[in-house]
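Undergrad: One letter stands for each residue in the lines below.
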Amino acid sequence: MAKLELRKVGKFYGGFEAVKSVDLTVEDREFVVFVGPSGCGKTTLLRMIAGLEDISSGELFIDGARANAVPPDKRGLAMVFQSYALYPHMTVAGNMGFALKMAGAPKAEIAEKVQEAARVLQLEPLLNRRPRMLSGGQRQRVAIGRAIVRSPKGFLFDEPLSNLDAALRVQMRTELVKLHQALAATMIYVTHDQVEAMTMADRIVVLEGGRVAQVGTPLELYHRPANLFVAGFIGSPKMNFLSARAVAIGPRETTLELAPDRVLAFPSPAPALAIAPGAAVTLGVRPEHLRFVESGPLRGVVDVVEHLGVETLVYVKESSGGTVIVRTDDLSRVRQGETVSLALHPDRGSLFDTAGDALFHLSPT
Amino acid sequence: MMDATTLSGEAIAAGSLAPARRRLSWLMLSPAVGLLAVWAFVPLAMTLVYSFRRYNLLYPERNGFVGIRNYEYLLSDPSFWTAILNTLVLVLGVLAVTIVLGTVFSLLLNQNFPGRAAARLMVIAPFFVLPPVAALIWKNLLFDPLNGFIAWLLHLAGLPAIAWFTHVPMLALMVIVAWEWTPFATLILLTALQSLDPEQLEAARMDGAGPTNRVIYIVLPHLARPAAITIMMESIFLLSIFAEILTTTAGGPGEATTTLTYLIYIRALLNFDIGGASAAGVLAIVLANIVAFFLMRAVARNLEA
Amino acid sequence: MNEQRASLPGTIAAWVVAFLMVFPILWMAITAFKTESEAIAIPPLLLFRPVLSSFAAALAQSGYLHFALNSIIVSLGSTVLAILIAFPAAYAMAFQPGRHTQDLLVWMLSTKMLPPVGVLVPIYLIFRDTGLLDTVEGLVIVDTLMNLPIVVWMLFSFFRDIPRDILEAAHMDGVGPRKQMMHLLLPLASPGIASAALLAIILSWNEAFWSINLTAAHAGTLAAYIARYSAPEGLFWAKLSAASVLAVAPILLFGCLAQRRLVRGLTVGAVK
Ligand SMILES: Nc1ncnc2c1ncn2[C@@H]1O[C@H](COP(=O)(O)OP(=O)(O)O)[C@@H](O)[C@H]1O
Ligand SMILES: [Mg+2]
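Chains as they are written, first to last, in our numbering: chain A, 1 to 365; chain B, 1 to 305; chain C, 1 to 272.
Note that these hints are calculated values from the structure, not bench results. A virtual CB, placed ideally from N, CA and C, is assigned to each residue, including glycine. Hints may contain errors.
[To be verified] Pairwise CB distance ranges (calculated):
1) C:Pro-187 with B:Val-104: 39 to 49 angstroms
2) B:Thr-212 with A:Val-195: 50 to 60 angstroms
3) A:His-307 with C:Glu-168: 46 to 56 angstroms
4) B:Leu-154 with A:Gln-82: 49 to 59 angstroms
5) C:Glu-137 with B:Asp-77: 50 to 60 angstroms
6) A:Gln-82 with B:Val-215: 33 to 43 angstroms
7) C:Ser-7 with A:Ala-355: 16 to 26 angstroms
8) A:Gln-82 with C:Pro-187: 56 to 66 angstroms
9) B:Leu-146 with C:Pro-187: 49 to 59 angstroms
10) A:Phe-12 with B:Val-104: 32 to 42 angstroms
11) C:Val-175 with A:Arg-130: 41 to 51 angstroms
12) B:Thr-212 with A:Phe-61: 53 to 63 angstroms
[Stated by the list, open to error] Cβ-to-Cβ under 8 angstroms is the rule here; a few derived chain B residues that face chain C:
13) Met-28
14) Pro-31
15) Asn-63
16) Val-66
17) Ile-68
18) Pro-78
19) Leu-109
20) Phe-143
21) Thr-212
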């Protein structure tokens with residue numbers, strides 16, 4: 001069982017800082033997902049935890065013991081690689097038992113543990129096959145099986161589902177979550193896919209340019225994004241960002257001006273906003289928190305209507321120039337080219353300052 | 001190429017592109033295929049025919065069909081068996097050395113060290129040396145028992161000089177040939193090493209395999225197939241080693257370095273025994289074909305992949 | 001993935017190996033700049049005044065330039081011929097593959113597996129009877145045929161790597177086959193053609209079996225010339241080295257330039 005602590009962990013490649021002073025605690029049995037766009041340092045961070053990459057600065061603790069200099073196989077962590085990295089010349093059983101063989105475990109014990117893992121992953125009929133003769137999904141299972149057999153304290157996954165087709169990906173996603181529950185082990189999972197992160201994680205770590213942008217549960221990130229980056233990255237379609245100006249910041253009510261003739265008022269948050277009247281702000285509104293109304297603070301012309309069946313996405317070219325996405329289940333009413341008016345959900349939305357940091361959230365949590 | 005459009009234009013009208021394409025395709029293939037067919041079959045057939053005839057250029061009038069007499073004569077000739085033995089010693093010996101050294105060298109050169117591009121070129125360079133040059137440089141500058149570099153090294157070590165080509169002619173020949181062909185093995189194995197997925201090595205590291213175990217369990221198995229290919233390719237070339245023997249020992253002393261190739265050369269171009277040389281040639285072809293069969297199977301398998 | 005730096009012993013071992021392998025070539029090059037008496041000095045001289053007299057002597061040697069010229073003509077001539085014949089064949093096999101294309105290719109490659117000594121007798125007799133013995137033309141023919149399968153193979157594998165979509169897109173854009181070849185195929189395949197040519201030149205230049213057995217004073221190449229250097233001239237090490245350096249240098253250069261692509265050609269694709 002593993003608790004991981006990262007203290008100001010950084011990574012330099014020559015002069016390039018790929019990971020910048022990451023502080024993070026992963027609790028025992030937690031399922032943590034690192035998410036972020038390609039190149040943001042997820043893999044690098046994971047590999048430093050695994051021991052495959054030296055930690056340039058900062059410290060890593062595993063169960064309270066400093067692990068910076070502990071070799072990868074001594075950290076008690078197992079890793080599932082994106083390419084699976086199965087040993088092509090060994091059978092499935094050989095692959096899964098390799099770590100135990102290296103550790104000098106007796107043959108009977110290896111066979112038993114391999115058998116057990118194969119049962120969990122439904123790999124029993126494939127034990128004597130070579131990786132070459134397996135489908136993508138089966139290979140994926142073998143890679144996971146190889147990790148399980150070692151009974152590690154924690155699992156590290158680097159984009160393990162990205163080589164699978166969409167249907168299999170969804171299936172493996174739930175299987176991994178079940179596996180996490182069954183094994184009761186700590187898991188760190190890297191993906192660039194925010195949907196994977198949202199559906200699987202206990203907690204999500206959003207990385208941006210080597211830095212932690214926010215850490216939180218999926219719903220925290222969704223409803224209370226700490227900054228514009230997280231707000232834009234989590235959720236699909238993206239959150240709408242509207243430029244506005246703070247007009248009046250009273251003790252009761254705060255008023256924003258979206259355009260000269262359109263103002264928006266909402267109850268002021270408990271500690272009053274730390275901005276001056278007249279300051280520029282960005283209002284973030286999720287597509288599902290906009291409604292078509294007779295007359296509302298936003299107006300525009302319908303540009304595109306996407307019918308997805310369960311929902312409909314409407315792209316509205318707003319009068320100030322930007323495009324606003326509305327998520328609605330209303331199939332009949334709007335048509336392309338129509339002029340519409342939009343209202344905001346009374347207690348949903350986030351406000352960001354010019355630096356992109358969240359000022360406050362209107363949200364249920 | 002010019003009339004491909006018009007051809008396909010007609011073909012479209014006719015409802016199909018295929019026949020015109022196929023005709024053009026054959027037109028483009030035929031020079032290469034025809035020439036190679038002639039090159040591969042005509043001399044082969046002639047060798048086969050000559051091998052059943054009595055035919056010596058010195059006595060052209062005494063010539064006729066003798067059945068398998070040439071083969072009988074060859075198989076009962078101790079020189080032939082010596083040549084076969086010498087060929088096996090040379091080919092197998094050099095193969096063993098080049099594969100072992102090639103593996104070690106490729107592992108060394110695959111490391112990340114300063115100047116590795118230059119070091120790689122240095123190791124590969126001997127492969128591009130003209131075979132007679134390689135033989136003469138070794139024979140004189142290095143192996144010469146009086147003034148050669150190795151004689152001097154032995155002298156420094158307090159050892160007596162060795163008359164390489166008198167006392168251990170086959171060994172000396174093998175050193176030269178191994179020097180020429182180790183780069184080939186190294187180059188192929190190095191290329192193969194570079195195609196090894198680094199994540200596999202990292203997975204093995206996570207699995208607790210140390211550097212030695214990673215080589216034994218991951219790297220060497222990965223090299224098994226390329227090594228087999230190297231062995232097959234090299235055997236075919238080594239079977240034909242000729243210039244090195246001609247320039248160093250001329251098959252001697254006695255028959256100590258007379259290989260099958262060299263024996264055929266002696267029989268054909270020095271003794272003008274066309275019949276006997278052809279019979280030996282047929283046997284050489286059979287020998288090469290056994291190896292080639294496996295090699296071509298491997299090539300075909302890779303073409304499908 | 002970032003590679004770990006090699007350990008010091010690993011680095012040293014690699015450099016020792018590199019030095020040992022290149023040493024005979026290096027020693028030959030050094031000896032070429034010595035006088036004859038320096039060349040055979042014991043202990044071997046490392047410090048000496050380099051002279052060019054051995055090169056001058058080698059070049060002045062009767063026929064050296066003649067043989068060098070033969071080598072150039074034979075290797076370039078056979079390479080150009082091989083590429084001209086191989087190009088359409090490789091094109092057809094790569095872009096209009098039929099049911100038997102693969103068998104055909106494997107068969108072509110398998111002709112390389114025939115040991116030359118097996119057909120020495122008939123080739124020698126054919127050459128004698130057609131007057132090709134000791135002619136440059138004869139050697140060009142042999143080298144062309146010898147290298148044809150490898151050139152076909154290399155061109156084929158390069159053509160095959162050109163995405164078909166590009167040619168199909170050009171076809172849809174109304175670019176005819178001739179223009180496709182001129183403006184798309186040739187530029188895309190030119191690195192492939194270049195490396196096939198380089199390999200063919202190297203193999204032909206270093207080919208010794210046929211040139212020794214089929215030529216004499218008139219059409220001999222450097223391989224044949226140096227092979228006959230053994231007897232009296234072999235005693236003149238500096239001159240031998242100088243002649244060898246001249247014979248080896250261009251190919252050594254080509255080989256080093258082309259080494260990356262050579263593996264596929266040399267192993268006819270058995271190792272990717
Ligand atoms: N070995 C390396 N050398 C130099 N830069 C690297 C190396 N590995 C990764 N990087 C850089 O570090 C950054 C983060 O990479 P990575 O962790 O692989 O991103 P992610 O997995 O989030 O896509 C990228 O900009 C990448 O180019
Ligand atoms: Mg990554």
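Undergrad: Looking only at beta-carbon atoms, does the pair Thr-212 (chain B), Phe-61 (chain A) fall within the given range of 53 to 63 angstroms?
TA: Hint violated: Cβ distance 30 angstroms, outside 53 to 63 angstroms.
Undergrad: For the hint 50 to 60 angstroms, verify it against the beta carbon of Thr-212 (chain B) and that of Val-195 (chain A).
TA: violated, 44 angstroms
Undergrad: With respect to the beta-carbon atoms only, verify the hint that Leu-146 (chain B) and Pro-187 (chain C) lie 49 to 59 angstroms apart.
TA: holds, 58 angstroms
Undergrad: Using the Cβ atoms, figure out if Leu-154 (chain B) sits within 49 to 59 angstroms of Gln-82 (chain A).
TA: At roughly 56 angstroms between Cβ atoms, Gln-82 (chain A) and Leu-154 (chain B) fall inside 49 to 59 angstroms, so the hint holds.
Undergrad: Should the hint that Pro-187 (chain C) and Val-104 (chain B) are 39 to 49 angstroms apart at their CB atoms be regarded as holding?
TA: Distance hint for Pro-187 (chain C), Val-104 (chain B) holds at roughly 41 angstroms.
Undergrad: Are His-307 (chain A) and Glu-168 (chain C) spaced within 46 to 56 angstroms by their CB atoms?
TA: The hint (46 to 56 angstroms, Cβ to Cβ) is violated, given that His-307 (chain A) and Glu-168 (chain C) are roughly 34 angstroms apart.
Undergrad: Is the distance from the Cβ of Gln-82 (chain A) to the Cβ of Pro-187 (chain C) consistent with 56 to 66 angstroms?
TA: violated, 35 angstroms
Undergrad: Would the hint on Asn-63 (chain B) stand, with a C-beta cut-off of 8 angstroms toward chain C?
TA: violated, 13 angstroms
Undergrad: Does the hinted range 33 to 43 angstroms hold for Gln-82 (chain A) and Val-215 (chain B) at CB?
TA: violated, 24 angstroms
Undergrad: Against chain C, run the beta carbon of Pro-31 (chain B) and see if the smallest gap drops under 8 angstroms.
TA: holds, 5 angstroms
Undergrad: Do Ser-7 (chain C) and Ala-355 (chain A) keep their Cβ atoms within the hinted range of 16 to 26 angstroms?
TA: Violated, at about 48 angstroms.
Undergrad: Would the hint on Met-28 (chain B) be counted as holding, given a Cβ-Cβ threshold of 8 angstroms to chain C?
TA: holds, 4 angstroms
Hint check: violations occur at hints 2, 3, 5, 6, 7, 8, 12, 15, 16, 17, 18, 20, 21; the rest are consistent with the structure.
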